[in-house]
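2 protein chains.
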Amino acid sequence: MALIVQKYGGTSVGNIERIQNVANKVAKYADDGHQVVVAVSAMSGETNRLTAMAKEIQDRPNKREMDVLLTTGEQVTIALLSMALEAKGYPAVSYTGWQVPIKTNEVHTKARIERIDGTKILQQVGQGKVVVVAGFQGISPDGDITTLGRGGSDTTAVALAAALNADECQIYTDVDGVYTTDPRVVPQAKRLDTITYDEMLELASLGAKVLQIRSVEFASKYNVPLRVLSSMQEGGGTLITSEDKFKDNEMEKPLISGIAFSRDEAKLMILGVPDKPGVAFQILGPISDANIEVDMIIQNQGVDGTTDFTFTVSRNDVDTAFEILQATADKLGAREVLSDDTIVKISMVGVGMKSHSGIASTMFKTLADQNINIQMIGTTEIKISVVIEESFLELAVQSLHDAFELDK
Amino acid sequence: MALIVQKYGGTSVGNIERIQNVANKVAKYADDGHQVVVAVSAMSGETNRLTAMAKEIQDRPNKREMDVLLTTGEQVTIALLSMALEAKGYPAVSYTGWQVPIKTNEVHTKARIERIDGTKILQQVGQGKVVVVAGFQGISPDGDITTLGRGGSDTTAVALAAALNADECQIYTDVDGVYTTDPRVVPQAKRLDTITYDEMLELASLGAKVLQIRSVEFASKYNVPLRVLSSMQEGGGTLITSEDKFKDNEMEKPLISGIAFSRDEAKLMILGVPDKPGVAFQILGPISDANIEVDMIIQNQGVDGTTDFTFTVSRNDVDTAFEILQATADKLGAREVLSDDTIVKISMVGVGMKSHSGIASTMFKTLADQNINIQMIGTTEIKISVVIEESFLELAVQSLHDAFELDK
Numbered sequence: 001m002a003l004i005v006q007k008y009g010g011t012s013v014g015n016i017e018r019i020q021n022v023a024n025k026v027a028k029y030a031d032d033g034h035q036v037v038v039a040v041s042a043m044s045g046e047t048n049r050l051t052a053m054a055k056e057i058q059d060r061p062n063k064r065e066m067d068v069l070l071t072t073g074e075q076v077t078i079a080l081l082s083m084a085l086e087a088k089g090y091p092a093v094s095y096t097g098w099q100v101p102i103k104t105n106e107v108h109t110k111a112r113i114e115r116i117d118g119t120k121i122l123q124q125v126g127q128g129k130v131v132v133v134a135g136f137q138g139i140s141p142d143g144d145i146t147t148l149g150r151g152g153s154d155t156t157a158v159a160l161a162a163a164l165n166a167d168e169c170q171i172y173t174d175v176d177g178v179y180t181t182d183p184r185v186v187p188q189a190k191r192l193d194t195i196t197y198d199e200m201l202e203l204a205s206l207g208a209k210v211l212q213i214r215s216v217e218f219a220s221k222y223n224v225p226l227r228v229l230s231s232m233q234e235g236g237g238t239l240i241t242s243e244d245k246f247k248d249n250e251m252e253k254p255l256i257s258g259i260a261f262s263r264d265e266a267k268l269m270i271l272g273v274p275d276k277p278g279v280a281f282q283i284l285g286p287i288s289d290a291n292i293e294v295d296m297i298i299q300n301q302g303v304d305g306t307t308d309f310t311f312t313v314s315r316n317d318v319d320t321a322f323e324i325l326q327a328t329a330d331k332l333g334a335r336e337v338l339s340d341d342t343i344v345k346i347s348m349v350g351v352g353m354k355s356h357s358g359i360a361s362t363m364f365k366t367l368a369d370q371n372i373n374i375q376m377i378g379t380t381e382i383k384i385s386v387v388i389e390e391s392f393l394e395l396a397v398q399s400l401h402d403a404f405e406l407d408k
Numbered sequence: 001m002a003l004i005v006q007k008y009g010g011t012s013v014g015n016i017e018r019i020q021n022v023a024n025k026v027a028k029y030a031d032d033g034h035q036v037v038v039a040v041s042a043m044s045g046e047t048n049r050l051t052a053m054a055k056e057i058q059d060r061p062n063k064r065e066m067d068v069l070l071t072t073g074e075q076v077t078i079a080l081l082s083m084a085l086e087a088k089g090y091p092a093v094s095y096t097g098w099q100v101p102i103k104t105n106e107v108h109t110k111a112r113i114e115r116i117d118g119t120k121i122l123q124q125v126g127q128g129k130v131v132v133v134a135g136f137q138g139i140s141p142d143g144d145i146t147t148l149g150r151g152g153s154d155t156t157a158v159a160l161a162a163a164l165n166a167d168e169c170q171i172y173t174d175v176d177g178v179y180t181t182d183p184r185v186v187p188q189a190k191r192l193d194t195i196t197y198d199e200m201l202e203l204a205s206l207g208a209k210v211l212q213i214r215s216v217e218f219a220s221k222y223n224v225p226l227r228v229l230s231s232m233q234e235g236g237g238t239l240i241t242s243e244d245k246f247k248d249n250e251m252e253k254p255l256i257s258g259i260a261f262s263r264d265e266a267k268l269m270i271l272g273v274p275d276k277p278g279v280a281f282q283i284l285g286p287i288s289d290a291n292i293e294v295d296m297i298i299q300n301q302g303v304d305g306t307t308d309f310t311f312t313v314s315r316n317d318v319d320t321a322f323e324i325l326q327a328t329a330d331k332l333g334a335r336e337v338l339s340d341d342t343i344v345k346i347s348m349v350g351v352g353m354k355s356h357s358g359i360a361s362t363m364f365k366t367l368a369d370q371n372i373n374i375q376m377i378g379t380t381e382i383k384i385s386v387v388i389e390e391s392f393l394e395l396a397v398q399s400l401h402d403a404f405e406l407d408k
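Here the protein sequences line up with chains V and L, keeping their order. In this text, residue positions in the first sequence follow my numbering: the first is 1, and each later residue adds one. In this text, residue positions in the second sequence follow my numbering: the first is 1, and each later residue adds one.
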């Protein structure tokens, strides 16, 4: 017997029939003798409906009242799912965020969970009940209703699993797990059975949008085994866990877990900048002040006492960043400013990199064999990213997937 | 400066435009320097929408979860109304039932309010805020969400007014006050400026369905001045208050406040019952056991040691009551059982009856002048009811309205 926390998103509970399907899934775990706690989102469409009403009244709706408004969405779902479970003969009880209670700070529309008291939930599951908890919401120290912001229901589930010391936290989505890369680009892409938190964080932040980064961070921090799986199809999904557990389970670890890529990239260059201490800050400070996030950065020292500076930003920000950079160039006496939004970033992620050399050179050779020019390179402990010309994206990802035998 | 509690029902907050109208009404009181606490219902249609979803899942939805589900309705309204007030420049804050808190017993779907802690609300109005409270809902001793059942939002408003020691509780409805009688029957019917709790209770229970009886009882118990007025039109409405206050305000009190009538009446007679002690109980006991409410009762002693027994019930119940009475007649050896569902009840209500004689005789003479036969008579301290043939209803009410000069 295990204690399992499950999370179902808005699409999974989008209508009465789907809510009944969720009840069937929950019932199966209960039949197997597990204790089940379920966190749910608002029915899909509901948040938009409520937000539209609010915006009819206020362009920027009062945030405290916005939280009061939106939390009704999950409250409807918990009641209906509890009824659906009862109708199938599985005693169930619903809790809103404040009833658990899920205590957060007071930052409306993006509160952070501070503490969860699991006493009531553990009592109820101890009595054989399924406990259905409203995701995305909590209560502030002043007793106000708060919401956790984007991906909040995932966070609720992981935080509940941590607080209840659950054996596993299952996140049901519309995909059946985490893949070695996007199957639309590489049809042979394989679902991963296991992956580490760190790898998942690198993959998620690079565009494999299965889980919210925040919930993975949370799971990693509290070492909660996290499983991503489909609410529509059967299957074990992908288990996300710590490196240690990973090593115990798998004798032969793959070097590379997956290949992520992002099309939302643009490159900016400022050339012939007089090379003095503090020049990097003078160039990037104004960009950061405009709330533009800079990703990869390269500085090349020239021979004539000047330096060339290259960095990437999100494509949306390239025009603004270009203008700012132009002003900086005038001030610093730089030679030229260039921008290029026909680039993409490809990243290979794997904890195996820590102990294996030669991965980078295999990557570079593979791309060279395809005559793909590498414009920028960046690395972390478990990731190598390259920037290449946009038109080579599919070719590059497919070649790398083959070279590292990710389909095996 | 006064502290006013206002209540707006589902129709008054049925869409965004109407919510903004309500905000305008509230704003006017705030502009006049009053402190305002507002209790609101769910937007009209919302409760039906939610109930329909629940019934798709369970024929008899779990009552605890039904309360969780339905209370989202008012929670949406309080958020939107607070936003609308803020948008107009009036600081506002919303509270759900549990936030106030409005403490109830644990009877789901028809809980009773046990205690309201007004501290938070008084703090907020003291700081110049309008406080918007979700009607119809509360929190049980176990921390469960409860609802108050039919007319619950009126009850919330009156209970809040009592707890906050408010100067007035204003109930906004789709009528502009309480009338001397139904204007559809007597076009000259006049809106009453004032009426006592007792009179209102008699009128309400007799079919003048402006306010829920329960909220009037509550107002009477805690001596909360209650005003019924229209959310659509201007006007002072009708103030419902205690008899004492009434006397202070009006030197010349009208004898009669209003004429109520009910078409939902049927008469049952059991004739020639051997007259022994306990016969009334033997006749009415089985009726009551079938959950049929008996209204007026008359017993006529005959000359031959038998008695005739007549009583009225709701028209829906007449067939069932007739069958039960038939069985009783067989058991008791009564001569005959008769029923008549072509009768109506007309009631004249007025606290003036307490101190003035002659009202009954004027009433009887007025009906006699129109050749209307009185079949039954019943009286209380402030009411005289007669049962007459259905076809005379309009003539009777119009004649009595004229005779007592209620249009003056």
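A couple of the hints might just be wrong.
Pairs of lysine-lysine residues, derived as PhoX-like cross-links and limited to a Cα-Cα distance of at most 25 Å, are as follows [what the hints assert, rightly or not]: (1) L:Lys25 to V:Lys63; (2) V:Lys28 to L:Lys28; (3) L:Lys88 to V:Lys55; (4) V:Lys103 to L:Lys28; (5) L:Lys103 to V:Lys120; (6) L:Lys110 to L:Lys63; (7) V:Lys25 to L:Lys103; (8) L:Lys25 to V:Lys55; (9) L:Lys63 to V:Lys88; (10) V:Lys120 to L:Lys63; (11) L:Lys28 to V:Lys55; (12) L:Lys63 to V:Lys25; (13) L:Lys120 to V:Lys63; (14) V:Lys103 to L:Lys103; (15) L:Lys55 to V:Lys88; (16) V:Lys190 to V:Lys365.
Using C-beta positions, here's what the derived DEER-type ranges look like [unchecked claim]: (17) L:Arg115 to V:Met232: 29 to 39 Å; (18) V:Glu106 to L:Met1: 54 to 64 Å; (19) L:Arg115 to V:Asn48: 33 to 43 Å; (20) V:Asp117 to L:Thr119: 21 to 31 Å.
Simulated from the structure, these hints should not be mistaken for lab results. Built from N, CA and C at the ideal position, the CB exists for glycine as well.
Check each numbered hint against the structure and report the violated ones by number, ascending.
Violated hints: 2, 4, 7, 17, 18; rest satisfied.
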